[in-house]
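Q: Please construct the entire structure, taking both the sequences and the accompanying hints into account.
Top to bottom, those sequences are chains A and B. Residue 1 is where the first sequence starts when you use my numbering, and the numbers rise one by one after that. Residue 1001 is where the second sequence starts when you use my numbering, and the numbers rise one by one after that.
Do not take every clue at face value.
Facing chain B, from chain A, some residues (calculated, C-beta under 8 Å) [to be verified]: (1) Asn14; (2) Ile17; (3) Arg20; (4) Lys69.
Derived BS3-like pairs: lysine-lysine, alpha-carbon spacing no greater than 30 Å straight-line [to be verified]: (5) A:Lys93 x B:Lys1609; (6) B:Lys1284 x B:Lys1231; (7) B:Lys1194 x B:Lys1063; (8) B:Lys1244 x B:Lys1231; (9) B:Lys1598 x B:Lys1609; (10) B:Lys1647 x A:Lys115.
Don't read these hints as lab results, they were simulated from the structure. Quick caveat: nothing in here was measured; it's all calculated off a predicted structure. Beta carbons: idealized from backbone N, C-alpha and C, even for Gly.
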Amino acid sequence: MTKRILVVEDQEDNRIILRRLLSNAGYDLIEAVNGEDGVALALSTRPDLILMDIQLPVMDGYEATRRIKSNAELKSIPVIAVTSYALSGDEAKARAAGCDAYVAKPFSPRQLLAKVREYLPTEG
Amino acid sequence: MIAPRTRMEATTSAASTLGRSAWRKVPILAASFRQCWSEVAWSNLLNKIRLTRSRRAGGLFRKYATLLVALVGGSLIINATIEMYYSYGENRHALIAVQREKAQGAAAVIEQFVKEIEGQVGWATGFLPAGSGLEQRRFDFLRLLRQAPAITEVSYIDSDGREQIRVSRLAMDTLASGADMSQEPKFVEAKAKKRYLSPVYFRKESEPYLTLSITGAGRSAGVTVAEVNLKFIWDVISRMQVGKAGSAYVVDERGLLIAHPDIGMVLRKTDLNQLPHVALALKKLRDASLDVPAISRDHAGHEVLTAYASIGSLNWLVFVDLPLIEALQPIYDSLRRTIIVLALGLAFAVLAGIWLARRMAVPVRALAEGAARIGGGDLDHRIEVQSRDEVGTLADSFNEMGGRLKESYATLEQKVTDRTYELSQALDQLRALIEVSQAINSTLELRAVLAAILAHACRLANAGGGAIYTFDDVTEEFSLAATHGMSTELIEAIREAHPRLSDNGPIGQSTLTRSVIQIADLATEPAYPLRQALLRADVRALLAVPLLREERIIGAFMVRRRQPGSFDQAVIELMQSFASQSALAIQNARLFQEIEEKSRQLEVASQHKSQFLANMSHELRTPLNAVLGYAELMQDGLYGELAPETKEVLVRIQGNGNHLLGLINDVLDLSKIEAGQLTLSIDDYSVANVVQTVVSATESLAAAKKLPLIVNVSDDLPIGQGDERRIAQVLLNLVGNAIKFTDVGEVRITVTAPNGVFAVAVADTGPGIPDAERGQIFQEFHQVDSSNTKKKGGTGLGLAIAKRIVELHGGHLWVESELGKGSTFHLELPIRAEQRGAVA
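A: See the structure below:
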């Protein structure tokens, strides 16, 4: 069964790169452009992993993560935060919000894929 | 009897030469006198005089008294002793002489008597020739008896020792009895020595007699023997008056008593040889060198003063004895008188001594006590000494000294009081100024500072109220900044009046002329805008001081009094101090306001800058991120297989992109560090993991240059505390540089943990860093050789950022290098690091 990853990302380029990268790696991709949509999609699609950008319009990644993790049905889904390198303390904040892992921007697609595979090993 | 000499005479030392019993009274008298001295003189008199209050004065008194008494008494006693000694000797001598005279007189009389008898007998003997008729001889003998009543019987013995005739008053005359007397001593002795005196004998046991035998002239001469009644001698002796109880007596050569007033003793044939003086006197007849004592004992054992005379032809001795008691009676009397006089003299001496000592000691004591009281601080005390001698002069000097001392004390006290007051005032002022300074330095609340200054100033200037004005440069008006002791009415009046620089009031005038202006009496002052209001508020005098700062008017300072009168120069100077403090405070407050404003603006600017940088970096990185992402995807063939040249280009795009990303990140880091916004995410970390991470990231680089990357990490490193990501960043920078600048050799990473720190060393075998450059490599935008930058890449920010990150951890980063041999970067980090203050 193909694993499903929810990508919450407002940057179109990033979404394109992730889509290409993760699809190529054999994952199903669901995309949201802000935190609110992300939470809604998480609820409706129950992904196996969530890649959460932090700087998002409408609702930021911290808040979205907190909502997901406070939901009994969603809290078991791993959330990997994709944060800006520039803002120190982001990792701590991300962990405080309930993120399971942390990838700093700018991320290397290879590194990101490696991190995703820690949580969702692809068969074959 | 000699009349006793009436002189003061007494002695105790002479007592030894006198009879003990005779002098027994002297020590008794002396003892009683001593008793009198000690008990009466000392106890009573001293107590009466009560000189015991002051021990010293008492001591002086005792000394004086003792000295005086000792002087007077001693001289009296010595005088009396000497007098007594000589008087006694002279008296005794005189007495003995008198007695000897008497004895000699008596001896002469007795000798005369005996000689006369002898002569008469001799005459009767020698008158008739030997063969004369008995009748003739009897006739002569009768005539002899008639002429010499002392002769009781006379006889004639012829040369053959036959008694021829005996004529007696008591018996019948005997003629030619022929009695043989040839063996009788009176015949034998007379024949041998022409003359013979028999021992005394007694007739009828009552009358002393002696036999006198004289041999006549010629070989056939007979011996005339006369029995001589010695009653005459007894009469002589008895008639002799020797004192009252004294007596004279005669002893013969054998010591037998011949004559004594007590005839009984004579009759008892008393032998006086037992008496020492008699025995000695008898011996002296044969041996003239002997001394006969003048004092001896009579037959009854009484001590006597004795003298004697010898009756030369008879070898008899006449003694005259006077009982010693009687003999010395005049001396006793004299002694008694002397002692009485001495006692009186001593008593007088004691009294006089005490009186004199008192005369001497009391003023001295008064002097001592007075001096002590003056010395003790009672400068009003005056010593009462009336005497007009040195002591009186001394007392006067003391009194004068006391007076002078008191005078100088009074002035001194006044001076001390004045100085103390001045000092306390100065101290008070100083304290107020210090408090004001402290207030200025400790609080930026200008109103509170000015109020404090004003309160202190008013108190020290003895002013009821005061005010501090600030000056507005634009409106040239003064406004109240602080008030003290002012009614709301007055404050309101001043607010309405808007004192101006051009006013003719004291505020305007003092600031305009840059000088202190005081109004001693407001009532006599020409009118100015606020004068009436001030007068209504009972202000009569005021002092205005301009507040200036480098000749610029800042405001005015004013104190006011309700009493008219000018302000002291000291007060004016003090108010000037307070005024300059006020000016300082106002200026400080203004400066502070400015600084605060500037600082606030700066802060805003800085925030803007930080925000801008953050946004900028985000904005810059987001597209860069996309570029790098696409490039990587393309490289990885996600967009189809690419020609090798295209792949090469993609690698270059990625390399340049990464470099650009590094630049952006470094600039961002540095700007955050400089803004003090770089905060550490302190957490537990493992140094070994950090090293491993760095090695993983750099080993491909090293491998590309064929450089061995050697790692020496101790096994027992503790878990550290710090910002793992930042530490990794630092180490990455150091290792990256080492690899970057080293072409041959090796890069070695060593990690140990001595003394509570992690010591990390990154050593390379690169070109090394010149000494001159070593201090600069940690500065921003610096590379050892600018040509290197192009060759080796890098922003030149890495070491500067690394150093600051290390310092934020409380650690150190430094380099040791040798040109041509390589460099070693040392990193020391506290194992348990905490965030340090922002490093600018």
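Q: Indicate, hint by hint, whether the structure satisfies it.
A: Outcome of the hint check:
Here the hint on Asn14 (chain A) is kept, as its CB sits about 7 Å from the closest CB of chain B, short of 8 Å. Taken as an interface hint, Ile17 (chain A) checks out: its beta carbon lies about 4 Å from the nearest beta carbon of chain B, inside 8 Å. This hint holds: Arg20 (chain A) has a C-beta 5 Å from the nearest C-beta of chain B, less than the 8 Å allowed. Below 8 Å, beta-carbon pairs count as interface contacts, and Lys69 (chain A) has none with chain B, the closest being about 21 Å; its hint is therefore violated.
Proposed proximity of Lys93 (chain A) and Lys1609 (chain B) is supported: the alpha carbons are some 24 Å apart, at most 30 Å. This hinted pair checks out: Lys1284 (chain B) and Lys1231 (chain B) have alpha carbons roughly 27 Å apart, not beyond 30 Å. For the hint linking Lys1194 (chain B) to Lys1063 (chain B), the alpha-carbon distance of about 83 Å lies beyond 30 Å, and the restraint is violated. Taken as a hint, the Lys1244 (chain B) and Lys1231 (chain B) pair is honoured in the structure, with Cα atoms around 23 Å apart against an allowance of 30 Å.
Annotation: proposed proximity of Lys1598 (chain B) to Lys1609 (chain B) holds, straight-line Cα distance about 16 Å (limit 30 Å). A distance of roughly 25 Å separates the Cα atoms of Lys1647 (chain B) and Lys115 (chain A); the hinted pair therefore holds under the 30 Å criterion.
In the structure shown, a violation is registered for the earlier hints numbered 4 and 7, in ascending order.
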